[in-house]
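Engineer: The lines below spell out each chain.
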Amino acid sequence: MSEVLQKETLLSYIGGEVEPKGTSISIRAINERGREELHNTAFPTRKDEDWRFIDLKSITKNTFVSVDEADTKEVGDISNHFLPEAMNTRLVFVNGEFNEELSSISDLPNGVIVGNLANYADHDSVKSYLGTITNYENDVFAPFNDAAFSDGTFIHIPEETVVKAPIHILNVFTDADKAFYATPRLLYVGEMFSKSTIIEEHIGLADNVYLNVPVTEFKMFTGSNVHHARIQRDSKQASHVSRPIAMLDKNAEYHSYTICLGAKLFRNEPRVIQNDQEVDFTVDGLVLIDGDQIADTHSIMDHRHAHGKSHQLHKCVVNDSAHSIFNGKIFVAKDAQKIDSFQENRNLLLSEDGKVNTKPQLEIFADDVLCSHGATIGQLQDEEVFYLQSRGLTEQKSRELLVYAFALESVESMEVESVEKLLLNEVIQYTNRDEK
Amino acid sequence: MLEIKNLHASVEGEDIEILKGVNLKVNAGEIHAIMGPNGSGKSTLSKVVSGHPEYEVTEGEILFEGEDITEMDADERAHLGLFLAFQYPVEVPGITNKTLLREAYNTIARANEREELDPLEFEDYIESKLDVIEMKDEFLSRSINTGFSGGEKKKNEIFQMAVLDPKLSFLDETDSGLDIDALKIVSDGVNKIASPEKAMVLITHYQRLLNYIKPDYVHIMMGGKIIKTGDFSLAEQLEAHGYDELQKEFALNGAQ
Chain A
1 MSEVLQKETL
11 LSYIGGEVEP
21 KGTSISIRAI
31 NERGREELHN
41 TAFPTRKDED
51 WRFIDLKSIT
61 KNTFVSVDEA
71 DTKEVGDISN
81 HFLPEAMNTR
91 LVFVNGEFNE
101 ELSSISDLPN
111 GVIVGNLANY
121 ADHDSVKSYL
131 GTITNYENDV
141 FAPFNDAAFS
151 DGTFIHIPEE
161 TVVKAPIHIL
171 NVFTDADKAF
181 YATPRLLYVG
191 EMFSKSTIIE
201 EHIGLADNVY
211 LNVPVTEFKM
221 FTGSNVHHAR
231 IQRDSKQASH
241 VSRPIAMLDK
251 NAEYHSYTIC
261 LGAKLFRNEP
271 RVIQNDQEVD
281 FTVDGLVLID
291 GDQIADTHSI
301 MDHRHAHGKS
311 HQLHKCVVND
321 SAHSIFNGKI
331 FVAKDAQKID
341 SFQENRNLLL
351 SEDGKVNTKP
361 QLEIFADDVL
371 CSHGATIGQL
381 QDEEVFYLQS
391 RGLTEQKSRE
401 LLVYAFALES
411 VESMEVESVE
421 KLLLNEVIQY
431 TNRDEK
Chain B
1001 MLEIKNLHAS
1011 VEGEDIEILK
1021 GVNLKVNAGE
1031 IHAIMGPNGS
1041 GKSTLSKVVS
1051 GHPEYEVTEG
1061 EILFEGEDIT
1071 EMDADERAHL
1081 GLFLAFQYPV
1091 EVPGITNKTL
1101 LREAYNTIAR
1111 ANEREELDPL
1121 EFEDYIESKL
1131 DVIEMKDEFL
1141 SRSINTGFSG
1151 GEKKKNEIFQ
1161 MAVLDPKLSF
1171 LDETDSGLDI
1181 DALKIVSDGV
1191 NKIASPEKAM
1201 VLITHYQRLL
1211 NYIKPDYVHI
1221 MMGGKIIKTG
1231 DFSLAEQLEA
1241 HGYDELQKEF
1251 ALNGAQ
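For the protein sequence lines, the chains are A and B, in the order given.
For the first sequence, our numbering gives the first residue as 1, with consecutive numbering after it.
For the second sequence, our numbering gives the first residue as 1001, with consecutive numbering after it.
Read the hints as simulated data drawn from the structure, not as lab findings.
The model shown is predicted, which means the values in this text are computed figures rather than measured ones.
Please note that the accuracy of each hint is not assured.
The calculated BS3-like cross-link candidates involving lysine-lysine, where the alpha carbons are at most 27 Å apart (straight line), are [claimed, not checked]:
{"no.": "1", "chain 1": "A", "residue 1": "K57", "chain 2": "A", "residue 2": "K397"}
{"no.": "2", "chain 1": "A", "residue 1": "K359", "chain 2": "A", "residue 2": "K334"}
{"no.": "3", "chain 1": "B", "residue 1": "K1025", "chain 2": "B", "residue 2": "K1214"}
{"no.": "4", "chain 1": "B", "residue 1": "K1153", "chain 2": "B", "residue 2": "K1192"}
{"no.": "5", "chain 1": "A", "residue 1": "K236", "chain 2": "A", "residue 2": "K334"}
{"no.": "6", "chain 1": "A", "residue 1": "K164", "chain 2": "A", "residue 2": "K359"}
{"no.": "7", "chain 1": "B", "residue 1": "K1005", "chain 2": "A", "residue 2": "K397"}
{"no.": "8", "chain 1": "B", "residue 1": "K1153", "chain 2": "A", "residue 2": "K397"}
{"no.": "9", "chain 1": "B", "residue 1": "K1098", "chain 2": "B", "residue 2": "K1184"}
{"no.": "10", "chain 1": "A", "residue 1": "K421", "chain 2": "B", "residue 2": "K1153"}
{"no.": "11", "chain 1": "A", "residue 1": "K397", "chain 2": "B", "residue 2": "K1098"}
{"no.": "12", "chain 1": "B", "residue 1": "K1225", "chain 2": "B", "residue 2": "K1214"}
Quick look at which bits of chain B chain A covers, simulated, 3 or more residues with Cβ under 8 Å [as the list claims (entries may be wrong)]:
{"no.": "13", "region": "1042–1052"}
{"no.": "14", "region": "1106–1117"}
{"no.": "15", "region": "1124–1132"}
{"no.": "16", "region": "1135–1142"}
Ideal placement from N, C-alpha and C gives every residue a C-beta, glycine not left out.
Model the full assembly from the supplied sequences, consistent with the hints where possible.
Structural biologist: What follows is the structure, encoded as structure tokens:
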């Protein structure tokens, strides 16, 4: 491999090489494949269309080491981050590594698996689907996760099984002496007519620099249903690049809600692939950023068959010199008639220096579809603030209420009460940071 | 209660003066009507008095119960007991009427060192006010003015006035866009709220509102000034002859 090419890959920022760590044949094979791709794929630059608005220097100015070399601090007591609804349905990963002690799994319906991947590497579903759903081309981040992960989450819901309690996948990141990388992995297999709620959370416990590159794969069989909430509260110095992807069979429903609060750099590329007719899916997002945070969502809603329904409401609130980017692609294949797809990106700019780039992108090859999209960028209207103020509310409270109202709809789709409360609290804190 | 002295105001950052020396005195128990053609400064006057940040007072002062409020923020004025019923009430999706009113009520109570109401007490209180404007209680849990008809929005302003119980209210073209039935309900509501301790200033184009709410004084505003003050007969005179005649008279007076 030439020296020049070396410099242009992600390997330059992670010490030159990733050693495969998978202990099973199935994971090891994915590690090897990922490493190969990582060596052969150039790190994106602003000349690449999909990366032209985003500043990646939070990654490129650092060198990230593996967790073993980072001298990470003790995790301490994190019970304040446990959800009361998920006291017995919780997996905890500390700096990307499974922590059995902090996890708690019991009382699951018969046959349901919620466990760590390394432990289930020989499970048929792991062998069949792990690493098969991601389809990111010319990508360095999914291959990086492929190359570096050795464990993760495995969730398997058998046929006709409903898991009522939300399953909480809690990724916490501790302080460390060195900047490190972590590659959380999740494989979800929902068999026919199964149903569950997944709360995937990423929390930075300190204010340190790290690189979090999660990959989540959802394989949804006929009639299966999942509600997938993703809450990103990484450290304000961290970079988070995630690849959540779902593959939907007939009549499957996948509803995802991504909430972005933390990280200095957030790049999310959710994808939903319609693998058969009559699916229903959601790719909603809520972004609340300030300071010099960057949050970039590049989504693909890929309709490949007829009779699908999809919905995307992506809301961003931008303060200080933060920067929000949205590129939402809706693909409708030639034979995918009767698709009903809706996309909306609404941005609320609270400052002079904030920046918003938005680009809805429809590529429709079928002729009998209902697809709508829209993007708005607005500010809090003086008239709205004055209206509330004239009723006696302080200016600060008026602004808080208006931002709260803007974010509320997204928060209410969480469906888990403690998560909604937590997020409403975050919204209030966010609006109060406004008046520095 | 309210004393406006030689008030001059312009849009913040612009040179064009909209109010050019308004004088007005309103005592407790009085109902005043300010009439005038479009662009005469009526709405601006109500916004300046309630503290809209878009306007700048360049001269004169506003006294409320003897206190100079000219430089106060809108919320501080509301705490003192001022209220503005908007000509175009703002839609706020996501916040219910009840949430806003409880927050507003308790903020005003706090500012006046009065007891705040907890959610249950507030529920009782607010429901007791629904009759004022013949409103159903589902109204309370709807987002503020969102998807309301023009009439519902105006009713909601009067309802908010009933709940917040201000000392002095400016009603900015509350009658515009109302059909006769809605106009009667709104006027009835205003009459129920009126009391010897309270004062109201109605801003309107037309006499029709004044057939239901009898003003003690009628003021004619033109060119950013109150040019004439009288009793109800002035409104009748205006209805009969229109503003043109007054305009001529005013121009004549101005030329003298």
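Engineer: What are the numbers of the hints the structure violates, in ascending order?
Structural biologist: 1, 5, 6, 7, 10, 15, 16
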